[in-house]
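Top to bottom, those sequences are chains Y and H.
Residue 31 is where the first sequence starts when you use the numbering used here, and the numbers rise one by one after that.
Residue 31 is where the second sequence starts when you use the numbering used here, and the numbers rise one by one after that.
If you're looking for bench data, these hints aren't it; they were derived computationally from the structure.
One or more hints might be untrue.
For chains that are exact copies, the list does not tell them apart, and a pair is met inside one copy or across any two.
As the list claims (entries may be wrong) - Pairs of lysine-lysine, BS3-like flavour, derived with a Cα cap of 27 Å:
#1 313 with 92
#2 256 with 40
#3 610 with 92
#4 256 with 313
Since the model is a prediction, treat every value here as computed from it, not as a measurement.
2 protein chains.
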Amino acid sequence: MSEQTDRKFKQVGTRPIRPDGVDKVTGRARYGADASLPRMLHGAVLRSPYAHARIVSIDTSKASELPGVKAILTADDLPQVETGWVGDIAYGSDLGEMAANIMARRKVLYHGHAVAAVSATSDERAREACEMIEVEYEPLEPVLSIDHALAPDAPILHEHQAPMGDAPLPEGPTNIARHLLDEGGDVARGFAEADVIVEGVFETPMTHQGYIEPHACLADAREDGKVEIWCSTQGPFMVKEYTAAVLQYDPNDIKVVPSEIGGGFGGKTTIYLEPIAVALSRKTGRPVKMVMTREEVFRATGPASGTKIGMKLGARSDGTLIAGEARFDFEAGAYRGSAVTAAVMTAFSAYRLPNFRIEGFDIVVNKPKVAPYRAPGAPNAAFAAESLIDDLARTLGRDPIELRLQNASREGDRTTYGPVFGRIGFSETLETARAHPHWKAPLGKHQGRGIASGWWFNAGMQSSATVSVDEDGSAVVRTGNPDIGGSRASMALMTAEELAIPVERVRPVVGDTDSVGYCDTTGGSRTTYATGLAVIEATRQVVADLRARAATIWDVELDAVAWREGAAVLLNGRSDDSDKTPLPLEELTRQMRLTGGPIIASASVNPPAAAPAFGIHICDVEVDPETGVTRVVRYTVIQDAGKAIHPTYVEGQFQGGAAQGIGWALNEEYLFDEQGRLENAGFLDYRMPVASDLPMIDTVIVEVPNPLHPYGVRGVGETSIVPPLAAVANAVRDATGFRFHRLPLTPPRVLEGIEQVRR
Amino acid sequence: MSEQTDRKFKQVGTRPIRPDGVDKVTGRARYGADASLPRMLHGAVLRSPYAHARIVSIDTSKASELPGVKAILTADDLPQVETGWVGDIAYGSDLGEMAANIMARRKVLYHGHAVAAVSATSDERAREACEMIEVEYEPLEPVLSIDHALAPDAPILHEHQAPMGDAPLPEGPTNIARHLLDEGGDVARGFAEADVIVEGVFETPMTHQGYIEPHACLADAREDGKVEIWCSTQGPFMVKEYTAAVLQYDPNDIKVVPSEIGGGFGGKTTIYLEPIAVALSRKTGRPVKMVMTREEVFRATGPASGTKIGMKLGARSDGTLIAGEARFDFEAGAYRGSAVTAAVMTAFSAYRLPNFRIEGFDIVVNKPKVAPYRAPGAPNAAFAAESLIDDLARTLGRDPIELRLQNASREGDRTTYGPVFGRIGFSETLETARAHPHWKAPLGKHQGRGIASGWWFNAGMQSSATVSVDEDGSAVVRTGNPDIGGSRASMALMTAEELAIPVERVRPVVGDTDSVGYCDTTGGSRTTYATGLAVIEATRQVVADLRARAATIWDVELDAVAWREGAAVLLNGRSDDSDKTPLPLEELTRQMRLTGGPIIASASVNPPAAAPAFGIHICDVEVDPETGVTRVVRYTVIQDAGKAIHPTYVEGQFQGGAAQGIGWALNEEYLFDEQGRLENAGFLDYRMPVASDLPMIDTVIVEVPNPLHPYGVRGVGETSIVPPLAAVANAVRDATGFRFHRLPLTPPRVLEGIEQVRR
């Protein structure tokens, strides 16, 4: 791609101040809970105290008599939604199950499951009324682990659920919602030919994305059937489609306005409150605002799956991998749809592996229905695979980077799930790690070093963009992707690059579902890549129009005009063309009204998901042998960004992913009691890392251009959470001599490992 | 234009419920004063008690000590703006004068002229603080009439103002800001050859547009230099450009969000409060809301010019017009820029007139600076010209319709201002009037009938539109024109027509200056014509894309696919094409993501202003001979719409224009005392017609297609206010036998005329 390698970028790759920065710092930015309307009511949700129970009856009479209560809603007030499939980013969103998750019908399936909702004149009054709703339950035995779910005598969550999948399943109803199988080569012969085999059963608990901003929305259902929803979401078009589907409204009647978003990480790619707020608004004829408490966010939104992964790798004595086998059991929570699919796809594809067998099971349990969490499924898969690669290197006495380089997938290698990799940067990333000072730095006492790799596909999907230039020569770029990780800055930079003007002259706009063209949800690390493609295409149309205006002014053919350094220039001018000096953008825009009117262009794309990005993390830990307390003391993220549009944001994504992964490795887990009640539904008890817990995380941006993007952009948001679980575990293995198969590495657990080594 | 005449419209020409109707009826629609922000302050303006004075000093110290006062602003806090020209719809917006009108510097030029502004914690507190500002004035003699302004010893408002114009002017400073002259043929010989000459001096007072919603805005100037303005305006892009120019800000930093608008009629095509609110917000670091009182609207916004028109027409005895002469003196108010230009252009162009001389003077007086008011200048010109045509018909004993038909301009006739008319519908409109039952209906006692014609150019100018289709087959059309007269409905209808889907499936969006492509101000009756062109073009691009998707699905050439009745159809299908049944829009959109992604298109236009529309009004009045009270008892508007997109709105425009014109004819006028203080600055004393004052106004839509628009659309909003002044005056002439040359026709004035006839 000559454009990628020869191009001298002027704007892309710089680090301007973020366009949304000042508003966020000064508190002006408006988040999900920051909208209000005249006559607004407040809504609250009554949630199940049982993890598994049948609903016998709901009596709302007392609650409805409370002054200030305007409407009460149960599942009976909502349409009975048939099963069906909508959208495509939220893994396996079955429509009927989405509706049942939003408001329980007949059965509650987790502690915190919505049972009824109230709208009242204040939030407090609405919550008070919830407490006065009398629900009679018939408690059922809860299913709280994968092993229990798969046991022959396990209670069945969904009696009538037909499992899906590629492989045969047992007769009759089970808690298995989906069964996946990918096979290649001859795995038995592979292992038979292996000189070394490493294996283990790895377990990770449910964890939450921990976004700072709770779910919040404001719905306004009007007399003419039109509905407007203001909410914090990664996907306004998704909210529109899903809400319409759940309420059986015409999508044409629904407009969704995305607020600023205080974190999502995949957790805001589905809906919880929106249909309830709309239904309450319709019932009362007044706008209804709903805001979750932190406890509700933990109990009733979608965490990442708890997982159990059995994995085995076989290699020749020279280190060549020849066989791999894995079984992934992923908790789906109450309804089908875990990220086991991506775990199956990513687990072995980073390496050349001729013989493999990978099974995946999506298993329902009486816990909240999971939602995507940054590179969903891949961190768990990498925890297992990269721990085993580490074991293999130790067994063979090989440098873990060299061993990975020896087996690393390259352009042209086939993935375990079928497609062949295009140009990828795994080897370059590994080579960068090998050369990094961190890798050779000495370690202190009780310290250990781990390394791990990880990767993510980076989605393509649908995006639109509209670009225009104003009379003053400034430009506007409009897309429909909420800015969760710097997309305003990256869209502005790409627009500025194509127009060859300073980025400060470009205003990036995130529009509502009526204002802008369709964009799939911000997620899958797709936005800068896919929406960026639409932006570049629309801007190039604008540049073509600008050239045409110059050609008109100069009375020459369009082909005689080029666009250079923010100006139209005449190619191959003759000696009598001295009046045809370069026409800068602002000169052309000032004359727009005389040369045909405003300049505006729209473009849309649906590019393939074929921009995989690889990362490698180096982690140093210090483990206190007396207490088992583990501290990360040095951490380096090396990742292929393809092309870093705004390097500071890219580094921030690297650091954020590493921080979340370290939390997952060391501290975070959903703790349920034996009745399935979440015991740590708050940030005091669910311990995420804070700044004082972590060292400054170093970053190195590798740039191996993605051939599908004119600048080479891949995605950067997700890969960075894939390696940390294994990188930390490998470092703790290095420090303690003990291989941990279960996360998080809490002090008692680490101490127990240290004890075992000492014995 | 075969497209215009052969086309069978399915959506265009129907009367769907207006998309904005329910929100407006239920009070949900948000107007200029309906926005609020956290920490918001309120701003108020101190206004001059003198019509003409020098400002000696301003002492703000006492006011600034009032608790709750956060900032005080005078002209010294604003940049000294040099003269210059911005934009183009507000007639003669000189930048320096616009700034001086917004906040007086050194001199006040009318009673109500802004002198200082305060922001405080409440509107009441801000107004209280204004009263505490001590201003020392040196009063000057006010200039309150055209005659006084032109007198040799008149005080001069602007000592250093250089007059503009086409014709020589006296040496030294005068109150004449502009002098226009259009001549054709040999006017002296024309009159010499005339068999009949009619003439008169006609006078009309200042009148106000009387929009229900006062000017209001909310400005938020942020720490990073960005400014957001919410306001009621006809032109958000105009507000952005003008505010940036007056404050010398970078337009790139300003975003303007148009609220719903409660009437404008041309009065909201300029700015008054916005720069003050922005400057106060910048000074305080807090959002500032400013809302005018009704009194402020009357005193300090832009009414229509008071005018004095001397006019003479000469005709042969067979009725053929052969000479015309006119002098238009228009009050500009305090600063240059009246609509005398349009008066000069429209006065005689409706008729074939071989010899003419038309002079126009733009004259400054100590009254508020005028602003456009619906067909600015044309009603005054038509009042004179159509009164004289009526006199001519009476003198010659001719039917007034026949006389007009005999002289009516037709396609190919040259206007007095230069261009040649294209296809116009004046004759058709006259013929429709001749055939209308009203024209032949008997009159009662004390009743009289008048008829008058009028016309308006209908502007072109710049517009953009972006159209997309959603997965559910619905569509969105986005423009930047505030909906002052039904443009949401007309844009949706044109989009629906091109897509061949029900209009209910189209959502029209009016965006802010960042959300949508550039659109010139809603005004000049340009929106449905010019913005409609952009909408049709963008929708046609969408249809082309839909056809391409169908071609992809069917694996045929694009040319083999047509778009019919909301579906792609295969042309000249072969017998084995039976699977290629019509693909309806919603089938194609459901497959969009598989055929290339979202479908969106943008288009922009800058068409010529060449869609003139003619109207003829028939008015019956009943005059009480004892009191002089005149009532309109029957009224019919016949007007060429070119093509009525939404006939109900077209009829509404016809009726609204007629009602305003009747008010102008019978009741409305600015009444100043001898010091230049407006004495009737409120709706109790400034008497606009209300529903009970008027009969139901009948309407007839004539459709002579405009060749420049694919459906034939002209504009409809302005022509309808042009004939009423003369129609009413001619009817009163018919009832009383007296020719009135001065408006309004108040009972004392009418009584005086009746007395004169009796004498």
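List of violated hint numbers, smallest to largest:
Structure breaks hint 3 only.
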